[in-house]
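Peer 1: Residue strings, one per chain:
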Amino acid sequence: MKSLAELEAIRNRAKGNVTLRKDDHAVRVVVGMATCGIAAGARPVLAAIMDEVAKRNLEHVAVTQTGCIGVCRLEPIVEVMVPGEEKVTYVKVDEKKAAEIVSEHIVNGRIVTKYTIGAAE
Amino acid sequence: MREISLHILDIVQNSVVAGATRIEVFVDEDIAADRLTVEINDDGCGMSKDFLAKVIDPFTTKRTTRKVGLGIPLFKNAAESTGGSFEIQSELGKGTCVRAVFGYSHIDRQPLGDMADTMLGLFTSYEQIDFVYRHKVNDKEFEVVTADLKAVLEGVSFTAPEVYLWLSEFLKEGESELN
Ligand SMILES: Nc1ncnc2c1ncn2[C@@H]1O[C@H](COP(=O)(O)OP(=O)(O)OP(=O)(O)O)[C@@H](O)[C@H]1O
Ligand code: FES
Ligand SMILES: [Mg+2]
Chain C
158 MKSLAELEAI RNRAKGNVTL RKDDHAVRVV VGMATCGIAA GARPVLAAIM
208 DEVAKRNLEH VAVTQTGCIG VCRLEPIVEV MVPGEEKVTY VKVDEKKAAE
258 IVSEHIVNGR IVTKYTIGAA E
Chain X
33 MREISLHILD IVQNSVVAGA TRIEVFVDED IAADRLTVEI NDDGCGMSKD
83 FLAKVIDPFT TKRTTRKVGL GIPLFKNAAE STGGSFEIQS ELGKGTCVRA
133 VFGYSHIDRQ PLGDMADTML GLFTSYEQID FVYRHKVNDK EFEVVTADLK
183 AVLEGVSFTA PEVYLWLSEF LKEGESELN
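Going down the list, the protein sequences come from chains C and X. Sequential numbering of the first sequence, starting at 158, is according to my numbering. Sequential numbering of the second sequence, starting at 33, is according to my numbering.
Just so you know, these hints were derived from the structure itself, not from any lab. Quick caveat: nothing in here was measured; it's all calculated off a predicted structure. Some hints here could point you the wrong way.
What the hints assert, rightly or not - A few chain X residues facing chain C, derived, Cβ under 10 Å:
#1 Met-33
#2 Glu-35
#3 Ala-50
#4 Leu-106
#5 Leu-144
#6 Gly-145
#7 Asp-149
#8 Asp-180
#9 Gly-206
#10 Leu-210
Said to hold, decoys possible - For lysine-lysine, the following DSS-like pairs were computed, each having C-alpha atoms within a straight-line distance of at most 25 Å:
#11 C:Lys-271 - C:Lys-249
#12 C:Lys-254 - C:Lys-244
#13 C:Lys-254 - C:Lys-271
#14 X:Lys-172 - C:Lys-212
#15 C:Lys-159 - C:Lys-244
#16 X:Lys-168 - X:Lys-182
#17 X:Lys-204 - X:Lys-172
#18 X:Lys-182 - X:Lys-204
#19 X:Lys-204 - C:Lys-159
#20 C:Lys-172 - C:Lys-212
#21 X:Lys-172 - X:Lys-126
#22 C:Lys-212 - C:Lys-249
#23 C:Lys-159 - X:Lys-172
#24 C:Lys-253 - C:Lys-271
#25 X:Lys-81 - X:Lys-126
#26 X:Lys-168 - X:Lys-204
#27 C:Lys-212 - C:Lys-254
#28 X:Lys-204 - C:Lys-254
#29 C:Lys-159 - X:Lys-81
#30 C:Lys-253 - C:Lys-212
#31 X:Lys-172 - C:Lys-253
#32 X:Lys-182 - C:Lys-159
#33 C:Lys-271 - C:Lys-244
#34 C:Lys-212 - X:Lys-204
#35 X:Lys-182 - C:Lys-172
Using N, Cα and C, we set each Cβ at its ideal position, and we do this for glycine too.
With the sequences and hints as input, model every part of the structure.
Peer 2: Have a look at this one:
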């Protein structure tokens with residue numbers, strides 16, 4: 158069973174590192190979580206992105222949720238914001254695509270064009 | 033929605049938008065009583081009586097000024113179609129309590145679904161909010177009070193990679209021990 162003692166040890170290790178403050182995050186990933194997004198499968202997408210970010214130890218990435226992004230039929234929608242670059246909107250995202258977006262776009266810096274809103278329209 | 037937990041996620045988003053600083057989520061599976069009860073309490077901005085009536089039954093009123101919300105009517109319908117009940121108590125400036133009761137063995141009852149992932153997403157996305165989560169299955173109970181975890185973490189974020197992975201495991205273990 159996971160224990161609070163374990164969590165304390167993790168805290169001590171984390172405090173040893175220089176951890177970033179929330180507003181220092183360079184890359185932002187936003188997942189649309191209005192009713193329509195949730196119904197279309199946004200929760201596993203959010204979980205997949207957070208898992209991937211944690212496992213790869215990407216401390217410069219902030220993952221957040223938002224409400225209505227405005228295009229129900231293209232949900233789940235994920236937006237990626239890299240400083241100095243235009244926002245990229247990915248549509249009809251699933252868990253697999255989500256992991257690919259993290260590894261390709263965020264880690265390798267290559268936009269996954271085939272999943273973007275431009276490719277879908 | 034395919035799962036009750038997705039309704040829960042959706043209804044909690046309302047509490048977040050309402051500016052809640054504390055949100056309680058209770059799930060009670062009482063098989064002897066053939067009931068599954070979901071309760072979500074918040075200390076957000078609340079709603080007036082008139083507004084609440086429109087929110088619960090948006091199709092009986094002509095609203096042209098804004099899009100009709102779907103979250104609450106969907107949740108109400110899901111509960112009532114299992115022979116259960118649905119109610120909201122809300123007070124402007126105080127907060128809101130949403131309570132849905134499902135017929136446990138009713139053929140139309142959706143599965144509860146993944147509560148661990150639901151709560152993990154909420155805890156980490158809305159870290160500034162204090163959540164109390166309690167899940168009961170008959171006489172077994174799993175409770176998480178995020179304020180207690182924050183006290184241990186002394187400012188280290190839920191989204192710090194190791195913390196996040198711990199939290200994910202912690203929730204999965206707690207949930208699996210209920211069954
Ligand atoms: N906990 C709450 N506290 C205060 N106001 C609330 C709360 N829950 C709902 N409301 C009000 O009721 C409205 C309708 O909620 P509902 O979830 O049905 O739709 P919505 O959130 O507007 O849109 P969506 O279809 O994305 O859920 C909200 O827009 C909000 O004004
Ligand atoms: S209601 Fe569907 S994207 Fe806004
Ligand atoms: Mg809503």
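Peer 1: All the hints need checking, so say for each whether the structure fits it.
Peer 2: Comparing the hints with the structure gives:
Satisfaction of the interface hint for Met-33 of chain X is found here, the shortest Cβ-Cβ separation to chain C being roughly 6 Å, below the 10 Å cut-off. Given the 10 Å rule on beta carbons, the hint for Glu-35 of chain X holds: about 9 Å separates it from the nearest Cβ of chain C. Annotation: interface hint on Ala-50 of chain X violated; nearest CB of chain C at approximately 12 Å, more than 10 Å. Annotation: Leu-106 of chain X was flagged as interfacial toward chain C, and the flag holds, the nearest CB pair being 7 Å apart, inside 10 Å.
Annotation: interface hint on Leu-144 of chain X violated; nearest CB of chain C at approximately 13 Å, more than 10 Å. Checking Gly-145 of chain X against chain C: minimum C-beta separation of about 9 Å stays under 10 Å; hint holds. A hinted interface residue such as Asp-149 of chain X counts as satisfied when its beta carbon comes closer than 10 Å to some beta carbon of chain C; here the least separation is about 5 Å, so the hint holds. The interface hint given for Asp-180 of chain X is met, as the beta carbon of that residue sits about 8 Å from the closest beta carbon of chain C, less than 10 Å.
At about 8 Å, the closest approach between the beta carbon of Gly-206 of chain X and any beta carbon in chain C falls short of 10 Å, and the interface hint on this residue holds. Using the Cβ-Cβ criterion of 10 Å, the hint placing Leu-210 of chain X at the interface with chain C is not satisfied: the shortest such distance is roughly 13 Å. As the CA atoms of Lys-271 of chain C and Lys-249 of chain C are separated by approximately 11 Å, the hinted pair is consistent with the 25 Å bound. For the given pair, Lys-254 of chain C sits about 18 Å from Lys-244 of chain C by alpha-carbon distance, which is consistent with the 25 Å threshold.
With a C-alpha separation of about 10 Å, the suggested pairing of Lys-254 of chain C with Lys-271 of chain C holds against the 25 Å cut-off. Pair hint Lys-172 of chain X plus Lys-212 of chain C does not hold up; C-alpha atoms about 32 Å apart against a cutoff of 25 Å. For the given pair, Lys-159 of chain C sits about 39 Å from Lys-244 of chain C by alpha-carbon distance, which is inconsistent with the 25 Å threshold. Between the alpha carbons of Lys-168 of chain X and Lys-182 of chain X the distance comes to roughly 23 Å, so the proposed pair stays at or under 25 Å and holds.
Taking the CA atoms of Lys-204 of chain X and Lys-172 of chain X, the gap is about 15 Å. The hint holds against a cut of 25 Å. Distance restraint check for Lys-182 of chain X and Lys-204 of chain X: the Cα-Cα separation of roughly 19 Å lies within the 25 Å cut-off, and the hinted pair is therefore satisfied. Restraint check for Lys-204 of chain X and Lys-159 of chain C: the C-alpha separation of about 10 Å stays at or below 25 Å, so the hint holds. In summary, the hint linking Lys-172 of chain C to Lys-212 of chain C is supported, as the alpha carbons are separated by about 18 Å, within the 25 Å threshold.
Of the pairs offered as hints, the one joining Lys-172 of chain X and Lys-126 of chain X is violated, with about 31 Å between alpha carbons and a cut-off of 25 Å exceeded. Pair hint Lys-212 of chain C plus Lys-249 of chain C holds up; C-alpha atoms about 24 Å apart against a cutoff of 25 Å. Distance restraint check for Lys-159 of chain C and Lys-172 of chain X: the Cα-Cα separation of roughly 18 Å lies within the 25 Å cut-off, and the hinted pair is therefore satisfied. Straight-line distance between C-alpha atoms of Lys-253 of chain C and Lys-271 of chain C comes to about 14 Å, which keeps the hinted pair within the 25 Å bound.
For the given pair, Lys-81 of chain X sits about 13 Å from Lys-126 of chain X by alpha-carbon distance, which is consistent with the 25 Å threshold. A C-alpha spacing of about 15 Å is found between Lys-168 of chain X and Lys-204 of chain X, which places the hinted pair at or below 25 Å, so the restraint holds. For a cut-off of 25 Å, the pair hint linking Lys-212 of chain C to Lys-254 of chain C stands: about 17 Å separates their Cα positions. A distance of roughly 24 Å separates the Cα atoms of Lys-204 of chain X and Lys-254 of chain C; the hinted pair therefore holds under the 25 Å criterion.
A C-alpha spacing of about 44 Å is found between Lys-159 of chain C and Lys-81 of chain X, which places the hinted pair above 25 Å, so the restraint is violated. Taken as a hint, the Lys-253 of chain C and Lys-212 of chain C pair is honoured in the structure, with Cα atoms around 15 Å apart against an allowance of 25 Å. Restraint check for Lys-172 of chain X and Lys-253 of chain C: not satisfied, since their Cα atoms lie roughly 35 Å apart, outside the 25 Å limit. Only pairs whose Cα atoms come within 25 Å are accepted, and Lys-182 of chain X paired with Lys-159 of chain C is accepted, the gap being roughly 16 Å.
Restraint check for Lys-271 of chain C and Lys-244 of chain C: satisfied, since their Cα atoms lie roughly 15 Å apart, inside the 25 Å limit. With a C-alpha separation of about 17 Å, the suggested pair Lys-212 of chain C and Lys-204 of chain X falls inside the 25 Å cut-off, and the hint holds. Under the criterion of a C-alpha separation no larger than 25 Å, the hint pairing Lys-182 of chain X with Lys-172 of chain C is consistent with the structure, at around 14 Å.
Hint compliance for this structure: hints 3, 5, 10, 14, 15, 21, 29, 31 are broken, all remaining hints hold.
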